[in-house]
Amino acid sequence: MILKEEVQHIAKLARLELAEDEIKKMQKDLSEILDYFDLLKKAPKPKKSEVARADNKHLRLDEAIHSPVIDKIIEAAPDKKDGYIKVKNIL
Amino acid sequence: MDLTSLTIKQAHEGLTNKDFSSVELTKAYLENIKKLDKNLNAFLSVAQESALKEAELADGKIKSGDFGELTGVPCAIKDAILVEGQKCTSASKILENYIAPYDATVIKKLKEQGSVILGKTNLDEFAMGGSGENSAFGVTKNPHDNTRVAGGSSSGSAAAVASKQSCYALGSDTGGSIRLPASFCGDVGLKPTYGAVSRYGLIAFGSSLDQIGPIAKNVEDAEIVFKAISGKDKMDATSADYEYKDLAVGLKGLKIGVPKEYFVKGIDPEVEKIIKSAIKKAEDQGAKIVEISLPSVEFALACYYIIAPSEASANLARFDGIKYGLSSDGEDLLDVYLKSKGQGFGAEVKRRIMIGTYTLSSGYYDAYYKKAQEVRQLIKQDFVKAFATEGEPRHGREKVDLIFTPVSPVPAIKIGERTDDPLSMYLMDIYTVSLNLAGLPGLSLPVGKIGELPVGLQIIGNHFQENKILSIASKLEKML
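Line by line, the protein sequences are chains B and C. Residue numbering for the first sequence follows our numbering, beginning at 1 and increasing consecutively. Residue numbering for the second sequence follows our numbering, beginning at 1 and increasing consecutively.
Fair warning: there could be bad hints in the mix.
Here are the simulated distance ranges between beta carbons [what the hints assert, rightly or not]:
no.	chain 1	residue 1	chain 2	residue 2	range
1	C	Ser-424	B	Leu-61	45 to 51 Å
2	C	Lys-245	B	Tyr-36	28 to 34 Å
3	B	Ile-65	C	Leu-333	26 to 32 Å
4	B	Ile-65	C	Glu-96	45 to 51 Å
5	B	Lys-24	C	Ser-362	41 to 47 Å
6	B	Lys-72	C	Leu-334	24 to 30 Å
7	B	Pro-46	C	Lys-245	30 to 36 Å
8	C	Glu-283	B	Tyr-36	32 to 38 Å
9	B	Lys-41	C	Ser-424	21 to 27 Å
10	B	Met-1	C	Tyr-365	18 to 24 Å
11	B	Lys-41	C	Leu-333	38 to 44 Å
12	C	Lys-273	B	Asp-21	41 to 47 Å
13	B	Gln-27	C	Ser-293	35 to 41 Å
14	B	Pro-46	C	Met-1	53 to 59 Å
To give a feel for the contact side, a few chain B residues facing chain C, derived at Cβ under 10 Å [to be verified]:
no.	residue
15	Ile-2
16	Phe-37
17	Ala-77
In case anyone wonders, no lab produced these hints; they're calculated from the structure. Just so it is clear, the structure is predicted and the values come from calculations on it, not from any experiment. Glycine is no exception: its CB is placed at the ideal position from the N, C-alpha and C atoms.
The following block holds chain B by itself, in its conformation from the complex:
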């Protein structure tokens, strides 16, 4: 079974708050699921590893486009002011 501390560490990385009972259930569920993943150890190594390559031919130029959607996107944010999305103080 994976440790409580490990679940807490992963939850912190995921910026996810978990209650005590959720942590307990997560320990059990994650352990079962990770055990199932052990099946992959049996899989052979591919002969030729195809590395995912990015090519630029499908990408547009990195240029600002005026979009009529911008205002609506800001409208959808929970907290905003003067056309900007508002967040808590960082410093």
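Chain B is already provided as a structure; the job is to place chain C on it using the hints.
Just chain C now, kept in the frame of chain B:
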């Protein structure tokens, strides 16, 4: 005449002949929703007002003579696809009040055709689930047996079509989310080739796996909708330069592969019987049945449940209480993130974010994520080897045109049957996930029933061979 029994094609003919108007057709569907959906819970929101407005516009188009097969025909949209001005919740509390700021490309295309959008349908939260039970707004019941699930994640779309609350619907499929509910509800569901349909405006789950596709009453309708929504889109760099071409192929001489790995322990014997009998019928019509081997599919489920949650953990990071929907109050910025996610996401979404974060985290990346990417290549290669490529000599092992398998090892499960055991829920996806990993198209065709419960045959084709799949599915549909 019961207008809601008509297929797209029949409705189109009726509209063309002025037998009825789009407003009348739309009202008939809205009436069914009012009558049935309190019980079934297929819709998360019904857009009565805008639907009737769209129907009036469609009637105008029809009068003018400039209209297509989808003009004036009512449809339902999975609530993970954006329809401008309407709520888009992805069945999550975190997006409970989120209003879509623009139309997804598929919606834009449907609107250009003059479609009528009846409303947004229920799903597993963020499309994560096989039963529909992970919706934050309640399970969708199976129209054929109300004690059972409709299947997921496109639960509402499949149930709406099966219960005549919509003429057709759009779903999305990351690991089986169109095919599985279509199979459970007795609809035709098509998961297109990765890249055939634009994903712009679909709330992202696993971006290398997600595809939007049709759920329809029959094969012909699925083809009409697929034709309308597919093609290159400049808003989705992974969409392919692809144009649907009509194709008529017969069963005579067609080579159908049946993977031996798909008929092993775990499959319901009744499901196996129905699928084998459908295969036999194809053989009786002159198809050649070839036993094939896909040795790596035994790893597909484990591979999928690493890759999909990994991608989800990155995609869902955006729901942090700042840009969309629910925002919980916190002491500082980090506290807002933690609390918004903690309060906004349901149990399954949290589980997948945790799995994905774990398999991507330092120290585990190589053993899980990297290994899964390698296995994904093996699975892809298995299918490449199985399919015949046009122009390529068919030497060596016999190559096949299509592959037939069950969609699911079981018919629709009872509500609550597997909710406490996530792994047993994941096992329902065992026959569907490998297609998403390989980017292949697949269709669920209803081929029989166990009591009241429909069973779907999965027809798998090579990349961009939706036309071959649909052509054969339509022949089988007439025979069964």
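Point to revise | C-beta pair Lys-41 (chain B), Ser-424 (chain C): status relative to the range 21 to 27 Å that was hinted | key: 22 Å, holds
Exercise for review: Just tell me: holds or violated, for the beta carbon distance of Gln-27 (chain B) and Ser-293 (chain C) against 35 to 41 Å?
Suggested key: 38 Å, holds
Point to revise | Tyr-36 (chain B) and Lys-245 (chain C) - C-beta distance against the hinted 28 to 34 Å | key: 41 Å, violated
Review point. How does the Cβ-Cβ distance of Ile-65 (chain B) and Glu-96 (chain C) compare with 45 to 51 Å: does it lie in that range?
Key: 31 Å, violated
Practice item. Can you let me know if the beta-carbon spacing of Lys-24 (chain B) and Ser-362 (chain C) is within 41 to 47 Å? Key: The hinted range 41 to 47 Å is violated for Lys-24 (chain B) and Ser-362 (chain C), with Cβ atoms some 25 Å apart.
Check your understanding: Is the hinted range of 26 to 32 Å satisfied by the C-beta distance from Ile-65 (chain B) to Leu-333 (chain C)?
Key -> 29 Å, holds
Check your understanding: If you check the beta carbons of Pro-46 (chain B) and Lys-245 (chain C), does the distance land in 30 to 36 Å?
Key -> 33 Å, holds
Practice item. May I ask you to test the interface hint for Ile-2 (chain B) with respect to chain C, counting a Cβ-Cβ separation under 10 Å as satisfied? Key: 9 Å, holds
Point to revise | Outcome of range test on Cβ distance (Glu-283 (chain C), Tyr-36 (chain B); 32 to 38 Å) | key: 36 Å, holds
Exercise for review: With 53 to 59 Å as the target window, see if Pro-46 (chain B) and Met-1 (chain C) comply at their CB atoms.
Suggested key: Distance hint for Pro-46 (chain B), Met-1 (chain C) holds at roughly 58 Å.
Point to revise | Distance restraint hint 45 to 51 Å, applied to the beta-carbon atoms of Ser-424 (chain C) and Leu-61 (chain B) | key: With Cβ atoms ~49 Å apart, the hint holds.
Check your understanding: Do the beta carbons of Lys-41 (chain B) and Leu-333 (chain C) sit within 38 to 44 Å of each other?
Key -> Since the Cβ atoms of Lys-41 (chain B) and Leu-333 (chain C) sit about 40 Å apart, the hinted range of 38 to 44 Å holds.
Against the hints set out earlier in the document, violations occur for numbers 2, 4 and 5.
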